[in-house]
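Residue numbers (this note's numbering), protein chains in the order written: chain A, 1 to 280; chain B, 1001 to 1239; chain C, 2001 to 2239.
The hints are simulated quantities; they were obtained by calculation from the structure and are not laboratory data.
Values in this document were obtained by computation on a predicted structure and should not be read as measured data.
Treat each hint with caution, since some may be false.
Lysine to aspartate or glutamate pairs mimicking EDC-like chemistry, simulated, CA-CA at most 20 angstroms apart [to be verified]:
1. A:132 - B:1132
2. B:1053 - C:2104
3. A:188 - C:2189
4. A:104 - A:142
5. A:132 - B:1189
6. A:132 - B:1190
7. A:104 - A:117
8. B:1192 - A:142
9. B:1053 - A:164
10. A:188 - C:2093
11. B:1107 - A:119
12. B:1053 - C:2093
13. A:104 - A:119
14. B:1107 - A:142
15. C:2107 - A:177
16. A:188 - C:2131
Have a look at the derived ranges for each label pair, beta carbon to beta carbon [stated by the list, open to error]:
17. C:2021 - B:1074: 20 to 26 angstroms
18. B:1150 - A:67: 40 to 46 angstroms
19. B:1180 - C:2026: 26 to 32 angstroms
20. B:1160 - A:147: 30 to 36 angstroms
21. C:2050 - A:81: 55 to 61 angstroms
22. A:57 - B:1107: 22 to 28 angstroms
23. B:1160 - C:2044: 51 to 57 angstroms
24. A:204 - C:2224: 44 to 50 angstroms
25. B:1023 - C:2050: 48 to 54 angstroms
26. C:2022 - A:57: 54 to 60 angstroms
27. B:1150 - A:62: 34 to 40 angstroms
28. C:2049 - A:142: 36 to 42 angstroms
29. C:2092 - B:1193: 48 to 54 angstroms
Just so you know, even glycine gets a beta-carbon here, dropped at the ideal spot from N, CA and C.
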Amino acid sequence: MERVNDNAPGRVASGGLDRAEAEFEAAGGERAEGEADFRVDVDGYEGPLDLLLELARRQKVDLSRISVLALAEQYLEFIEAARRVRLELAADYLVMAAWLAYLKSRLLLPAPPKAEEPDPRELAASLARRLKRLQAIRAAAERLSERPRLGRDLFLRGAPEGLDIINAPLYRASLFDLLSAYAIQRQKQALSHVSLKTRQVWSLAEAREALERIVGMAVEWTTLDDYLIAWVATPAQARTVRASTFSASLEMVKEGLIDLRQDRAFAPLWLRRRQALAAE
Amino acid sequence: MADQDSLFDLKAADAAAFLARETPDEAQREVMRLCEALIFAATEPLSEDEMLKRLPQGAALAPALAYLKAEYVSRGVNLVRVGKKWMFRTAPDLAWALQREQQEPRKLSRAAMETLAIIAYHQPATRAEIEDIRGVALSKGTMDVLLETGWVRLRGRRRAPGRPVTYGTTENFLLHFGLEQISDLPGLDELKAAGLFDGRLPKGFGVPQPRDDAGLLEDEEPLGEEPLNEAFASDLPEE
Amino acid sequence: MADQDSLFDLKAADAAAFLARETPDEAQREVMRLCEALIFAATEPLSEDEMLKRLPQGAALAPALAYLKAEYVSRGVNLVRVGKKWMFRTAPDLAWALQREQQEPRKLSRAAMETLAIIAYHQPATRAEIEDIRGVALSKGTMDVLLETGWVRLRGRRRAPGRPVTYGTTENFLLHFGLEQISDLPGLDELKAAGLFDGRLPKGFGVPQPRDDAGLLEDEEPLGEEPLNEAFASDLPEE
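Make the full structure from the sequences, and use the hints.
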């Protein structure tokens, strides 16, 4: 059970009680004269112990000198009154009532010959102790909540500069890491050099660019090999240079830039700038 | 050098007497200046360990803090200790000038405040002990609210049938309520003398001192990994 | 009361003289306490107007601030005026204590590890040589990290076109990897025996005998003062 605040209706184990309905005048003539009607609001109590403490306070004596018998009677009257208005009471109120009724009868009756049951005086004292303990914790809670609070009464520095921790890196590596990094990378590199030995290839674009430079000079029939293969290519490149140049020359013939002739199969290729262009 | 521990509770008159008796030398003055600057600059209460890490080797921290505390007792800002941590904060009697209108801290319900008080004065406390003192069942919401404030923590489990979870207060609790240590709780001595919080102990066994140490008591054990079979399973801090 | 404006720039000696001459009375002490708390708790520098709003009617602000400032001059925290606003600030000479270095362990990237190994075995090595051996371009970051470790140093320049910087290892390198001298680095046979190289190596593959002589080799010359025209100009340790 939790009470949201002192006034709002709280949730109560009995559940669904309308506050207005829960409020009623308690029967009882124990009140001091002049005191306002003892209006009991079940919602206002946090359980039977809380109610008992409130009733005990009305005895206006030190809790250690309280009359537990009187207290039990008041509680039972309260419960009786609540039942008369058909107020549904939480089970723990009724359990307490049953226990207090038992305690009351034990306090009033002479002790049974065989004292097998607990001494009623002990039980009463224990109840008084519980009430005292509840009252004490209430007072403690009160004192605690009256303490100056941080952020309300006490303030820390509004704008602290802050303490810096500068993280200086501390590198760690083992000799094994170092050696294996070295070995792995050198081995990889050594092997990839062998397998990836690339052939040098003259691209079509490169061949065309070279050819265009040559054409300017080739007013007369000239062999392709004389210019390109001899001067540009190393022996290893000869084939790719010849192949790419031939393809590029066919392109240029098609565009009407040069003439191309070959006297017989596998004979040298002759190349000449188109006459019309040469005349310009 | 006077007994330092007693200085940590010193009042203005004690402080004046202490300062009249003891005068820090130049080296101590310098350690004091450093402590002052460090605690001032820190965004949170500063532990003595952290201070030592930043002070020159062999600096005498304890006397420096004792002097500083004494010097600040009568000022508008006080040096206070919470557990093993230090901070400056405004003097309690100046609250009226500092209070900021809009910032009213959320008020705890009476149930929550009482539960907090039981946990504080009676810790480590189990749910059953809290319910026994208050005479009503403890709602899950109340405990949720308290855990949310950061003032209450789950400490461990009681070595008892059902291994119930034990609750205690945090350093934040001390900080928030301006307590240096848990034994500074108001009225604690009277309550102990009256034997009112001997809940689970038979009479004559003495009264347990509230404990909020990080370590567990003899009758406590770690929370462990098993699911909480309490009604408060959801109280466990999220991982 | 001395001229207050001059007090706002006062030094320790002036402050002592001022405090010896002037003693605040009890009322002034209370205003000082309030100012102290207000400035302390404020989230930004506090103007005198704002202070006046929270002080009792007729409080003498200026002398209180002058006293306060003088009292704080020699402390670890100083009261300073910025324009017409006031704030506490840790004493400038203690800035060193507010920063603390903490070593944070870090691992080298694979690229950095490989580069370090190549420098160790092939030193003195230029950037081009490292790139040639690794088969990939060397990023600036990698070399920065290696220089930061303190294991790699700039040795000099190669007597070659472009006069590229040569890199070598440091004494710290030997220390960290537990080597007495650089020639203790295992050779090809030892590396093979350790299973680090498998058998598939091309003919003529070798591992150099590393050397890290402090002196420059014949084909090296001092770094000199000319600016580094390398891509790694920023690799040079800061002055």
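Do the hints match the structure? See the list:
Taking the CA atoms of residue 132 of chain A and residue 1132 of chain B, the gap is near 13 angstroms; set against the 20 angstroms cutoff, the hint holds. For the suggested pair residue 1053 of chain B and residue 2104 of chain C, the alpha carbons sit about 16 angstroms apart, so the restraint of at most 20 angstroms is met. Proximity of residue 188 of chain A to residue 2189 of chain C is assessed by CA-CA distance (about 17 angstroms); at most 20 angstroms being required, the pair is judged to hold. In summary, the hint linking residue 104 of chain A to residue 142 of chain A is not supported, as the alpha carbons are separated by about 33 angstroms, beyond the 20 angstroms threshold.
Restraint check for residue 132 of chain A and residue 1189 of chain B: the C-alpha separation of about 16 angstroms stays at or below 20 angstroms, so the hint holds. About 13 angstroms separates the Cα atoms of residue 132 of chain A and residue 1190 of chain B, which keeps this hinted pair within 20 angstroms; it holds. A distance of roughly 14 angstroms separates the Cα atoms of residue 104 of chain A and residue 117 of chain A; the hinted pair therefore holds under the 20 angstroms criterion. With a CA separation close to 17 angstroms, the supplied pair residue 1192 of chain B and residue 142 of chain A stays within the 20 angstroms bound.
In summary, the hint linking residue 1053 of chain B to residue 164 of chain A is supported, as the alpha carbons are separated by about 12 angstroms, within the 20 angstroms threshold. Among the hinted pairs, residue 188 of chain A with residue 2093 of chain C is inconsistent with the structure: their alpha-carbon atoms are about 56 angstroms apart, more than 20 angstroms. Between residue 1107 of chain B and residue 119 of chain A the alpha-carbon distance is near 44 angstroms, which puts this suggested pair outside the 20 angstroms criterion. Taking the CA atoms of residue 1053 of chain B and residue 2093 of chain C, the gap is about 18 angstroms. The hint holds against a cut of 20 angstroms.
A hinted pair counts as satisfied when its Cα atoms are at most 20 angstroms apart, and residue 104 of chain A with residue 119 of chain A qualifies at roughly 12 angstroms. As the CA atoms of residue 1107 of chain B and residue 142 of chain A are separated by approximately 13 angstroms, the hinted pair is consistent with the 20 angstroms bound. At most 20 angstroms may separate the alpha-carbon atoms for a hinted pair to count; residue 2107 of chain C and residue 177 of chain A meet this at roughly 11 angstroms. Between residue 188 of chain A and residue 2131 of chain C, the direct Cα distance comes to roughly 14 angstroms. Compliance with the 20 angstroms bound is thereby established for this hinted pair.
Range check, residue 2021 of chain C to residue 1074 of chain B: Cβ separation about 21 angstroms, and the 20 to 26 angstroms hint holds. Range check, residue 1150 of chain B to residue 67 of chain A: about 44 angstroms between beta-carbon atoms, so the 40 to 46 angstroms window is met. In this structure the supplied range 26 to 32 angstroms holds for residue 1180 of chain B paired with residue 2026 of chain C, their Cβ-Cβ distance being about 28 angstroms. The given range of 30 to 36 angstroms is respected by residue 1160 of chain B and residue 147 of chain A, whose C-beta atoms sit roughly 32 angstroms from each other.
At about 60 angstroms, the beta-carbon gap between residue 2050 of chain C and residue 81 of chain A stays in the expected band of 55 to 61 angstroms. Between residue 57 of chain A and residue 1107 of chain B the CB atoms are about 24 angstroms apart, so this pair conforms to the stated range of 22 to 28 angstroms. For residue 1160 of chain B and residue 2044 of chain C, the hinted distance range of 51 to 57 angstroms is satisfied, since their beta carbons lie about 54 angstroms from each other. Under the hint 44 to 50 angstroms, the C-beta atoms of residue 204 of chain A and residue 2224 of chain C, about 48 angstroms apart, fit the expected range.
For residue 1023 of chain B paired with residue 2050 of chain C, a C-beta distance near 37 angstroms fails the hint of 48 to 54 angstroms. As the Cβ distance of residue 2022 of chain C to residue 57 of chain A is approximately 58 angstroms, the hint placing it in 54 to 60 angstroms holds. With their beta carbons about 38 angstroms apart, residue 1150 of chain B and residue 62 of chain A fall inside the hinted range of 34 to 40 angstroms. A hinted range of 36 to 42 angstroms holds for the C-beta pair residue 2049 of chain C and residue 142 of chain A, which are about 39 angstroms apart.
Judged by the Cβ atoms, the range 48 to 54 angstroms given for residue 2092 of chain C and residue 1193 of chain B holds: they are separated by roughly 53 angstroms.
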